[in-house]
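Could you slot chain B onto chain A? The hints should help.
Note that the protein sequences, when read in sequence, are chains A and B. For the first sequence, position 354 (counting from the first letter as 1) is numbered 355 according to my numbering, and the numbering increases by one without interruption. For the second sequence, position 265 (counting from the first letter as 1) is numbered 266 according to my numbering, and the numbering increases by one without interruption.
Stretches of chain B that chain A covers, calculated by requiring three or more beta carbons in the stretch to come under 8 Å of a beta carbon on chain A:
{"hint": "1", "region": "190 to 201"}
{"hint": "2", "region": "220 to 234"}
Facing chain B, from chain A, some residues (calculated, C-beta under 7 Å):
{"hint": "3", "residue": "25"}
{"hint": "4", "residue": "26"}
{"hint": "5", "residue": "29"}
{"hint": "6", "residue": "30"}
{"hint": "7", "residue": "33"}
{"hint": "8", "residue": "34"}
{"hint": "9", "residue": "46"}
{"hint": "10", "residue": "49"}
I should point out that these hints are in silico values taken from the structure, not numbers from a laboratory. Remember, predicted model here, so these are calculated numbers, not experimental data. Glycine included, every Cβ here is placed at the ideal spot set by N, Cα and C.
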Amino acid sequence: MLNLKRLIPIIILSLLAANPVFPQEAAAVWGRLYNRARSLEQKYQVMLNIVELKDRNLIPVISNALEELINENKNITGTNERLLFNDLIKIMVIELGNLKALESAPWVYTVFQENPDPLVRGEALVALGKMGAKEYAEPIARFLRNLNFNVAPSQQRRDNEILAYSAVIALERLKDPLGFEPIFFASTGWYSGTSQVKERARSALVTLVEDPTEELINIIRNNSAFTVKLAALEAGVVSRAPSESKEILGIAALQEGLAYQTKDLRELNTLSRLRTLAASLIKSTSLTRPEAVPLLEQMLYIDYDVNEKITALEALATSRLEDPVLALVKFLRYQNERQAGGLTTQDNRVIISTLRALGSLGNKAAIEELIMVRHSNWSGTVVREAAAALEKLQ
Amino acid sequence: MQCWILNKTVFSILLILTLSLSLSIFSCTSVPEKEAQEETPTAGGEAAEAPGNQVEETNAVVKAEEEKSEKPVAVSLVLTTKETSLFPDGSLDQYRVYTYLEGTGSLVKEELFRQEGLLVEQVLYQYSDGLLVKREVQDGSGRLTGFRSYEYSEKGDLLEESLYGAKGELQSRSRYEYDDSGKKAKWSIFDSQGTLIAYSLYLYKDGEPATIENYSPSGDLEESFQFEYSQGKRTKLLEYDSRKKLVRYTQYLYDNGTLFSEEYYTGTKVLQRKVLYLRDNLGEVTEIRHLDGQGNLREIIRREYIVREIVTPAGR
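Chain A on its own, in the form it takes in the complex (with noise of 0.2 Å):
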């Protein structure tokens, strides 16, 4: 067991006895010290005392202290030197970043700017963020989208990976909307798995911005790829925007899907993809803008996916408007006349869903449509399933 007498110091000590003086005169005996150390090995060595302080007290030694070493840089030649040098600065500037001393951020702005040392640069990026040094996240927003070309030699990349993720971590956040696109970018970039730049930029796309949505719509609009417009699509689904703003992105999404044409197998599966999930997005809102409606009705008539047109379906049948149900009878109405004709279909899903959504919506304007099913050729199952959504209308 262990003794009282004993006990209480290890507490006492346990939690301060990194700092076992009072912090007043502890910050400025060492500050005193720093400012009065010749060589680089007495700087570190009291620079290591002060940062254990964490006393905000001594962000002007802190900073002058970046300030002189800034200026020493290019005297700075042998490689022990440079190690040392660069330990120096990295301790400085987190301590600064974890102090959140905004006062010093020009100093670290510029460590960042000349140090050569991408871990020293990275540090000196997430002490931006942690500053909320915000006039800083424009040049970095662009520092980012450049590093996401990947125009540097294939040597420089690690490094490069390094200074993305500190980056990332630093737009994230100053919440500047500005860095929402490069971090995008970063998040479908060619960052290798090992980097998690790329794991990182997709979690910080959902903090960054309360709604992102147009951000996102611009990034639809606005570039060709169609797997990124996906990914924007997919950034704007995880992302913490209102209903409202997530049914105006899926529609923007669904009229690029809708846009475009290609023979190209990929391309044509990403499209369908991104139609599918723009409609579950507004699917997800409820259907409150006629705008939709013709889109998710043109979906109805592409050839490509049964998931695709049962998704439109059921996004349709969410709606409280009227478009829809006009939209869902007409479907019907082709639906019966190629059955009746002849042109039979071996997946009745797609019926089996527009009868569904009709009868959800109950609507009576549906009802003469429905009524038609029994006489269009159809299978036991489907005349059922129209008696079943009568029945509801009625």
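For chain B alone, coordinates are given in the frame of chain A:
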């Protein structure tokens, strides 16, 4: 005033210990809840800043109780389990998780995680004969980045503290000396070569820290600090340069005897920053807000804690 000579019930001891421990955990900013303050009129958190003193005071409490009772003593420890740093908009920056040895209040591990849950730093504490002897810092991948070692007198007073780099190379060393009453009297700092580079002297009045003087190795006064008190609570801390010119000062503000704010001013009375303390209904600090001189929120720190009951053996 400073001596916690109590001749009351075990409950009083438990309460005071609880509060003094929370003081230590919550740094200089946390003060005891009202009832305890009446019995422990120590200025807000000073004990936490000077663990040597705190150790002595706490031991005094225990000693008094030991003389009185041979029964097992139960103590309630308020232990911080998580400290979360938030950005001004309330979004998460990073958090620190504290782990204690089962059944004790001994901190054994401190882990710092980034917002995304990535471990970036780990601090491990080692003890010998109940005293902290090593504090080891590792990066997120478990690579040692440095450590501190501690040496004590037979009484358990901290005598020496050494800071080492990742390869075990000495970076700096601190030595502590104490006066006859056991209060810290001197702090000397040596560089890695063992050369004295600075020292501080601690002067007390009525048992409370009154002045701290920082000296160069050659004995020139570099700066000094003076504490002001009112009704047993620290109200001001003034920092002077070597020519006795006021450089800056800190003002401590209380609400009903409980510290709720610290204000940091320049020597010319310009507010530089402010710290606000929010407490739960038990009086424990659960949120700290850091504001700049213009009143803009810069950081929010949230604290979670547990209360752990520990029973010591009879007659110990």
